[in-house]
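2 protein chains.
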Amino acid sequence: MALDGVRKRLNQRISSQDDYFPSTYIILQFANNVHIEAVQWVIFKIQSERKYGGAELLVRKQPGVPGETSLIFHVSATNQKLMELAEEQSIRKKDLKGSLRDFTVVEQSEFGSCSDILSTSEKEFLVRHELENIRALENEKAIPGYPRIRLYEGQSISAACVHYNLLQQVFPLHDEDVLRKLGRKWYLSLFKKQPFEEIREYFGESIALYFQFLGYYTYALVVPMVLGFLQLCLAPENIALFCIINVLWASVFMELWRMKCSELAFVWGTIGMASSMDEPRPNYNGVMGVDHVTGRLQPQCPRWKTQLKMYTVSIPLVMMCMILAFFVMLLSFWVEEQLRGSPDCPHWLYLAPSIAYAALIYLMNMVYRRFANYLTEWENHRTQSQFDRHRVTKLVLFEFVNNFMSLFYIAFIYQDMDMLRSQLATLLIISQAINNFQEALLPLILQYYSSKMAQLKKRNSSKKWQMPTSPVDVQELSADDPRILQALRESRLDFYEDPYDDYLELFVQFGYVFLFSSVYPMAAFWAVANNLLEIRSDAFKLCCSYQRPMARRVKDTGAWQRAFQSLCTLSVITNCGFLYLSPAMRSVAPDASPAEWMMLFVCLEHVLLALRQVLHYAIPDKPEWVRLALARQQYQSKQALKKQRIEKTK
Amino acid sequence: MALDGVRKRLNQRISSQDDYFPSTYIILQFANNVHIEAVQWVIFKIQSERKYGGAELLVRKQPGVPGETSLIFHVSATNQKLMELAEEQSIRKKDLKGSLRDFTVVEQSEFGSCSDILSTSEKEFLVRHELENIRALENEKAIPGYPRIRLYEGQSISAACVHYNLLQQVFPLHDEDVLRKLGRKWYLSLFKKQPFEEIREYFGESIALYFQFLGYYTYALVVPMVLGFLQLCLAPENIALFCIINVLWASVFMELWRMKCSELAFVWGTIGMASSMDEPRPNYNGVMGVDHVTGRLQPQCPRWKTQLKMYTVSIPLVMMCMILAFFVMLLSFWVEEQLRGSPDCPHWLYLAPSIAYAALIYLMNMVYRRFANYLTEWENHRTQSQFDRHRVTKLVLFEFVNNFMSLFYIAFIYQDMDMLRSQLATLLIISQAINNFQEALLPLILQYYSSKMAQLKKRNSSKKWQMPTSPVDVQELSADDPRILQALRESRLDFYEDPYDDYLELFVQFGYVFLFSSVYPMAAFWAVANNLLEIRSDAFKLCCSYQRPMARRVKDTGAWQRAFQSLCTLSVITNCGFLYLSPAMRSVAPDASPAEWMMLFVCLEHVLLALRQVLHYAIPDKPEWVRLALARQQYQSKQALKKQRIEKTK
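Chains as they are written, first to last, in full-length UniProt numbering: chain R, 1 to 650; chain X, 1 to 650.
Derived by calculation from the structure, the hints in this document are not laboratory data.
This structure is a prediction, so every number in the text was calculated from the model and none was measured.
Honestly, I wouldn't trust all of these hints.
Note that identical chains are pooled: a pair holds if it fits in a single copy or bridges any two copies.
Think about it this way: if two alpha-carbon atoms lie no more than 27 angstroms apart in a straight line, the pair counts; the simulated DSS-like pairs of lysine-lysine are [stated by the list, open to error]:
| id | residue 1 | residue 2 |
| --- | --- | --- |
| 1 | Lys181 | Lys452 |
| 2 | Lys305 | Lys260 |
| 3 | Lys51 | Lys642 |
| 4 | Lys193 | Lys622 |
| 5 | Lys61 | Lys260 |
| 6 | Lys260 | Lys94 |
| 7 | Lys94 | Lys642 |
The whole structure should be built from the sequences, with the hints applied where relevant.
Structural data, given as C-alpha cells:
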C-alpha cells in the first residue's frame, strides 16, 4: 500500500515535468545517424511505468551545444525510487545501531537520513541495473525505425541498442566534488593508506576489491623481497631454503587473501551473492519465465545448454589457440637459432625473431581477446560473475602461454640462467615502467589530441548532419547546467570496462616473482617498487583518464583467485626444477646418480605440494566472526520463515 | 500459549502416573553398586520441568527379575513432547504436498497424522538429545551421594554419569516388529536393492549413509574389475593405459559421490547442518552462556583454545605415533633380513618377525585408539561432527601407516612385485573373509557364551548385592511387559558406536584396489566379491548382533571423504611409480637414460594430478536441482525476515 502511494506521486512528478532534476547517474549518447523513432521509444520505455515494461526513471535531454551534434540524455531517479530499488536488489546497509542488514523502504528511518543511505556508486548501480533490465515485451518484435533489428521477448533493450550501435555510449557521470576529495586522499598522498571505504563508495566493490588486493599483495611481497636480499648475500647452496620459504609464503598469502576477501564481502554485504543465483545479465538470452528461486519473471535458459557449448566448442577452441601460441613461440626460437647458425647473417638480424614474436603476440592477443569475448557471450552465462569468471579464465590461459612459455623454454630447454635473468630484469624494470606510463598518462595525451582532431572534423562535417528534426518529447536541461559540458567532456574519455588488465599485470608480475624466485631473487624488490607506483598511477588513471567506471558488486576476485593459486602450485614445480638444475646445488652431493638426484627433487616437490594442501585445509576461508555472523543471520531468517508459516496457519 | 497448555497437561500426566507408557526409546542401566541418591536425582531430572533444568520425559522402572540385579529404567516421551522437540531441533520433514520444510507443532496437521510424522530413529534421537542435554545447574556442584564427583555448570549429567561409571549403559531399544520386516528386505534378500529409506528410518542417517556409500562404491568397482580382467588378457605394455583410466575413475567416482551425498543430505534435511554451528555435544566443556547464533543458553568455549590444543599438542603427538609405527615396521623388516642372512637360523623362524609385527600392530592399534579418543575429547570440539572428523582423521593416519607402509616398502625398496602380489592376494581374499566372519558371527557366539557365564556368576554372587533399599519414586512397568526381557537381553549385546570400523575396512580395501592397481589387477574382483557379502553381513550384524545403534544426523561422510580423496591422489603417485619400475614398460624405450625415463613418469604423474584438479572443478559438489532448491529456501527465508521486520516497524 505504501509503495502504491509512492508510485502515484512519482507518476505525477513525471507528468508535471517540474524543473527539479536530481544528479545525473547515467549518460546515454545515441549514435549520430539514429532514427528518431528508436530514440523516442527508448526514452519512453525508460520513463514509463513498470506495468508497461518501463523503468520509472527520470530523463532529461541535453540541449544542443554549438559544434556538438550527438544526442545525449541524462538519466536519474527520485530518491524514493532509489530506495525501492535498493530494497529489491537486497542491498545490505549498516543501520544506525551499526548492524548490517537488508535495506527496506519501510524501515528507512532506521538507516539514517534519506539522501545519505545509498552511496553514489550504489545509486548508479541501481539506476543502471534498472535501465539494463528494460526488456522487450511479447509484442515488441523489432526496434521502431529498424524493422530489421529483431527483438526476442525478454531481451534487454539497452543491451540490444548498444549491440547494434544505436546507443554509442552508456556511461555514468563523474561526481567532480567527491572525486576531487577522493583524489587528494588517494593518488596525491603517496605514503598514506589508501582510502578504501571512499573508493568503494565512489567506484563500487569490484574496483575497491582490486585496490585492496593490490595493497595486500604489495605488503605480502615484502617477505620475498627480504628473502631475496638475504639470498644475494649468502652462499648459493642455501637458496633451497629461501626458495622453499618463498613458495610456501605465496600459498599462505593466497589463503589469507581468501579469508580477507570474505571479510570484505561480508562488510560490503555482497557475501550472500551466489554466483549462479543472482540477477541475470542484460545480455542473457532466454525465454521469459518464472524464476525457480525468486518467483519473479526473468529470462530462463537451461544450464546444460551453456555447459554443452563450453565442453564441446569453447574448451577445444581455447586449447587450440593455446597450442597455436605455443608453436608460434617455438617457431620464433627456431628461426633465431637458424639465423645464429648461418654464417652470412648480419648480427643485427638476430633480434628480428624476438621483435616479430612480440609484435605477433600483440596482434594475437587483440584478436584472441575479441574471440574470447565472443565465445563467452555465446556460451550465454546467466550472471555477470559467471560471465566474468569464464571470460577471465579463457584470457588468462592464453596470456599464460604468451608471458611465461618463452621463459620456461629458456630456463628448461636452453638451461641458460643468465639469459633468463636478463630477460626477467628487462620485463620487471623496463616493461613495468613503460606500462605504468602507458596506462595512466597515455590516455590523457591521446584524448587531448583526439578531442582536438574531433573538433576539427566536426567543424568540417557539421553541415552534413543535422539534429533529428522531430523533437523527442522530453524536457531539456537548463542551458546553464554545468553537467552539459561535463557530459560532453567525459563522453570523449575512454571507457574503463573492468579491472581485468590491472589484475593481469599483477598476475604476470606474480609469476615473475614466484615462478623464478630461485633464479632471480631481486624480482620481488622490483615488483614492490613498481607496485608502490602502480597503486597511485592506477588511482590517477581511474580518477582522471577514464570515464567513471560502472560500479559492480562482487564478492571475491573470482577467476583470479584460482589463477593466482595455480601460479602458486606451478611455482613449487618450477622452483624445484631450478634447484635440480642448479650447479651450486649439485656440488652438495656430487656422488648421487642422475636418477637419485632427480628423485630427491621430485620428493621435495611432492612434500611442498602436500604442505600446500595442508595449508589450504588449515586456513579457513572465512574468519570466525564472519562465520558466526552469517550463521546468526541464517538462523534468524529461518526462524522468521517458521513464524510466518505459523501465523498463516493460525 | 499453545505450548503452555501442552506442558500443563504433560505435568498432570506425570503426577497422575497413569498406566499408559509409550514405546521405550532409551534404556538406562545403572551400575550395580550405585548410590540410590544419585539414581533418584537423575530420574527426577529426567522427569521434571524444563524450568527446573529437567527434560520433561517419561520414565518407568523395570521390575526386578529373578537372577537379575541391575537397576534398569525405560525412558520415553509423549507424542506432544516429541513434536515440540522436533520443532526445536529443526527436523525437516516432507509435508503432505511433498515439499520438505522444517517441522512445526502448529502446522503438524500438514505433515500427516500425529504418530506417523517422526520415524523411530528420529524419536530416539530427540529423546536421547533431550536426555544428554540435561545439564548441571549453577547450584549443583556434585552428584548427590558422590560428593567427590564435582560438576561444573552446564555439564551434561548423563555424560558425567557415564564417565564415572554410575550409568553402566545407555542404549536405545530395538523395535522388534520393524526390525523383522527390515531384515527380510535387507540381509535376507541377497540380490535385491538395499531398502535405504527403511534403513534410515530405523537406524538414522549416519548408518544409512554408510550403506549408501558401500553400495555406490561396490557399483563403482565394476569399472576397475573389468579393466583388471582386460589387463590380464593383454600385453603387459598396455598396462599404462588401464592404469591411467583406473586412477582417473577413482577420482571421478569420489567427485560423483560428493554430489550424491549432498543430494541425500538434502532429501534427509541434514544439508543445512553447519558443522561448527549446531548443537554442542554432551561432553562439550564450557561455561554456560548465551549462544551468538541462536541466543539460547548453551555451553560456550572459545574456538582458539581447541585450535591451540590441536596445533601444539595433538598434531605433534599423532605425528610421533605415526613415526613410531613406521620404525616398528622397519624394525620387523630389518630383523627378518638379519634372520635370513644368518646361516644358523631355522627356516620356520623367518616368519616370526611378521607375526610379531602383526601382533604388535594389533596392540598398538588398541592403545592408539584409546589415546586418539582421549586426545580428541580433550581438544573439546563443540559439535559431534567436528569431534568425529578429528577423531577419524587421527585414527586414519595411523591406520594408513600400519596398513600400507609395509606394502610400499616391499614395492619400492625391495622392488619385489611377486611378493607384493602374494601379500595383496592374502589380504584381499583371506583377511577379508575372516573379517566378515568376525564381524557378523563372532559377537553372536561370544555373547551367547558370555551370557551363560554371567548367569552362572550372578547365581553365585546375587546374595552379596541387593537391590537398593530405599525405592526410587517411579512407577514400575507391569510385570508382564515384553520390554522387560527384551531390555535384559539387549543389555548383554555389544554396543555399536559408529560405522568407523566399517568405513575403515572399505578405506583399506580402496587402497589395495587403487594404489596397487597396476601390480595386482585382480584386486577389484576380490573387492567386489567381498563387498557383495559385506553389505549383507554388515546388515545382519546391525540387526542381530549389536544393541540398536544410536541414530546420528549427518550430512556427509566427513573425514572419510577427505581420506578417500587422499588415497586417490596417492594412487596417481604409486601407480606412476609402478609403471616406472615395470620391466615391461622399460622395454618400450630401452635407449632412454635413467633420468629421462624418470622424467617421463614424473610428467605423466603431474598431468594426472592436474586432471584430477580439473575434474574437481568440473564436477559440481551439488546437483543443479539441489542448488536451486537451497537457493529458493534461502530466498524465502530472507523474504520472511524482511517482512517480519517491516511488520514490527509498522
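If the cutoff is 27 angstroms on CA atoms, where do Lys94 and Lys642 land: within, between, both or neither? Let me know, please. both (25 angstroms within a copy, 15 angstroms between copies)
Status of Lys260 relative to Lys61 across identical chains (alpha carbons, at most 27 angstroms): Result: close neither inside a copy nor across copies, 44 angstroms intra and 57 angstroms inter.
What label fits Lys193 with Lys622 when the C-alpha limit is 27 angstroms: within, between, both, or neither? Cα proximity of Lys193 and Lys622: one copy only (24 angstroms, versus 41 angstroms across).
How would you classify Lys305 and Lys260 at a CA-CA limit of 27 angstroms: within, between, both, or neither? between (35 angstroms within a copy, 22 angstroms between copies)
Between Lys181 and Lys452, at a C-alpha cutoff of 27 angstroms, which is it: within one copy, between copies, both, or neither? neither (29 angstroms within a copy, 90 angstroms between copies)
Reference check for the pair Lys51 and Lys642, CA-CA at most 27 angstroms: within, between, both, or neither? For Lys51 and Lys642, the Cα distance is within 27 angstroms only across copies (24 angstroms; inside one copy 32 angstroms).
At 27 angstroms max between alpha carbons, let me know whether Lys260 reaches Lys94 within a copy, between copies, both or neither. The answer is within: 20 angstroms in one copy meets 27 angstroms, while 39 angstroms across copies does not.
In the structure shown, a violation is registered for the earlier hints numbered 1 and 5, in ascending order.
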